[in-house]
Amino acid sequence: MSGSITASVRRASLMAVALAAVGCGGDPPAAGASASPSLPACMVERSRLVLGDGTEVYVEYQDVIQVGDDLLLAGSPSYHWKPAPGRSADLLSSDEIVAAYFGRGARTVPKPVPGRLGSVRAAALDDRSWGAVMLEVDPDSLPGQELFTGLWYGEYDGARWSRVEAMPPLRGEIMSRVSSALVRAGDRMAWAAWESPPGEHARVRIYERSGGAWVDYAVPELDRVELVELAYSEGSGLWMLISGYDAGLPGFQKSLRLYRERSPTSAIADRWEFVSRVTIAEQGVNLAFASFLLQPGGAAVSWAELSRFGTRVRTRVGIGLESPGTVYTLADDSDNVRLAAMPDGSPAWVVAVGGAEPGVFDLQLLRLEGGTVKVVASFPSPFPMYFTVRAVDPHEIVVVGPELGSDSIGVPFRSLLLRLSTSC
Amino acid sequence: MSLPRRFVPLLSAFLVAGCGHEPSTAVAVAEMHEGADLQFVIPAFSPELLMDHRGNVSDVREGFETAPASLLRPGEEEPERPDATALAAPTIWDASTDLTFHPKSLEAWAEHKYRGNKGRVEVTAFMREGGVAIGNRTGFEEGWHSWLSPFAHHVIANSIINLEKDCGLTADAQGKHEAWWEIAPGSGPSVFGKVGFSTTSGLASQPACPPTPTGGGGGGDGMSGDAAMCYIWLEYDLDSGEILDWQVIYCSGGG
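Protein sequences appear in the order of chains P and V. Just so you know, we're using the numbering used here here: the first sequence kicks off at 645 and counts up by one. Just so you know, we're using the numbering used here here: the second sequence kicks off at 3 and counts up by one.
These are computed hints drawn from the structure, not numbers from a lab. Glycine included, every Cβ here is placed at the ideal spot set by N, Cα and C. Don't take each hint at face value.
[What the hints assert, rightly or not] Here chain P is said to cover these stretches of chain V; the calculated rule only asks that three of the stretch's residues, wherever they fall, bring their Cβ under 8 angstroms from a Cβ of chain P:
1. 158-165
2. 174-180
3. 196-210
Using the sequences and the hints given, assemble the complete structure.
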């Protein structure tokens, strides 16, 4: 395995020279783009989130979505810095921005509600507008111990918030980082949250916006839930990925499994049908950081397996109503994987794996070729932590995460975008 | 990695009156607590101290900080900026939630190892009798570390519920694991890069309670008059139900 990776990296390095010579990479670097000629192989852009006035912005990497030709980063918390060479940057604001547009017209979107937001999940509505679910938490809450105070939905038309409305509340304890993406499901918007009512185990609450009104319900017979995610496709409908206790298994086992919505009009008690058990957690193994997508070839799910004996990231692709799909191990010694849906219907993954030096790790772009996982690109990660990914055209993936300040302008951290070619 | 059969603990139970001793498997959690320290600790940093991203258990120095070079209060002195090359990837691993019954108590704990300079774990134990929830209790613990501490950290929290009996109860627990970065540049604390997920324990059960004797007077429970009630220690395989050993502890009643 290591031999093939090394070979792949060497090939990729040669390609980088060729790409630089012909100016591959589409648009010229936008404001904030690193002008370094020494981008790693297959990386066609590396851009900081820098506004026209030279100030720098960090937005937590919860969602990166494409809205028309724009790339939007949404999340919470956020910080806005004015660089100050030779000393710490001036913090212009914190937690006042919920999203930012990358690129030549980089700009920020202010939050439409006054409270502190613990989470922002966004989805495109059309080529200009997008919607977001914003989870408001008690401003005196400790990070990691948020107390729920409100839930909001907003629509941004590209220039202003055209709609902001309250959503029904969550019940009990919350974990702002354990909720699904906001998905467009036909003429509905759908979002799933993790909640733990007083004295009860964690469960899933589904929110749907249809006809201008929100409805919500707790999914029956699902408790001890550890993770929830949603995805939708026109052909397959709305699907839900659940991790946690599996009442369908003997004993007290946990699994990662998929459900499909029978119909938006089905009775709540009968709305979700079990589709497939993606994997069963072995004793002492926790399944975490799972994500999935729906494509014409079936569902693809990726997850990390964490145990005292190590970590690894795996995936199952081609999951359908009649097909269990195929499992691949993407990387050992990694707990960090993100799944992207390429426009041609194939999946791609970005994983972080232990690098050659202690304390450093590499990002690897992976594709499936001929039933084998191939390392398309590998380079030292500029991120000190997790990141998010999004396919932006048939041959490119963007990876967005935090970059810690290591230069002379005093900005502690800002958002960084990498644009990777999948065909290099 | 399927569970080896021999790892399945033998369930020891008292037949008829299984309210006796529950083997203590308590873990010593107290010394592993890492209390919150709201002061910044900027340690002397050496790149050689960086640990492997894989975070093997042997790499973890629980409760250990490098020797502090100074103690700073936010705003008192400009804190050292983080260096992207000096920070290992923050993450959570070895996350688990577990629980055990002790005599007259239930203890649940949740723990994880993490990189990042803050981590928090919360555990809630849920108690049931006859399938009905009868109570729960939550505990939490938070760890705060220097920006430049290169070591992985560990945080553990427990929750203890005192019980009035040692039979007939079941319990499980839910853990919430989180880690994030938090610094205090000149303008106040900044939090970012938060990750989190939850875990749940398995199910723990006390032995079944014996039927309640109704005393003399011919109560129809089959235990009055000359009947004796014997307490029997029974060991059987949890999977197969095969009885491996048994012995009479003592008998009471009878003529």
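Exercise. Per the coverage rule (Cβ-Cβ under 8 angstroms, at least three residues), is the stretch 158-165 of chain V covered by chain P?
Worked result: With 0 residues close enough to chain P, the hint is violated.
For this session: Count residues of the stretch 174-180 of chain V with a Cβ under 8 angstroms from any Cβ of chain P, then say if the count reaches three.
Result: holds (count 4)
Exercise. Are 3 or more residues of the stretch 196-210 of chain V near chain P, judged by a Cβ distance of less than 8 angstroms?
Worked result: holds (count 9)
Of the numbered hints given earlier, the model fails hint 1 alone.
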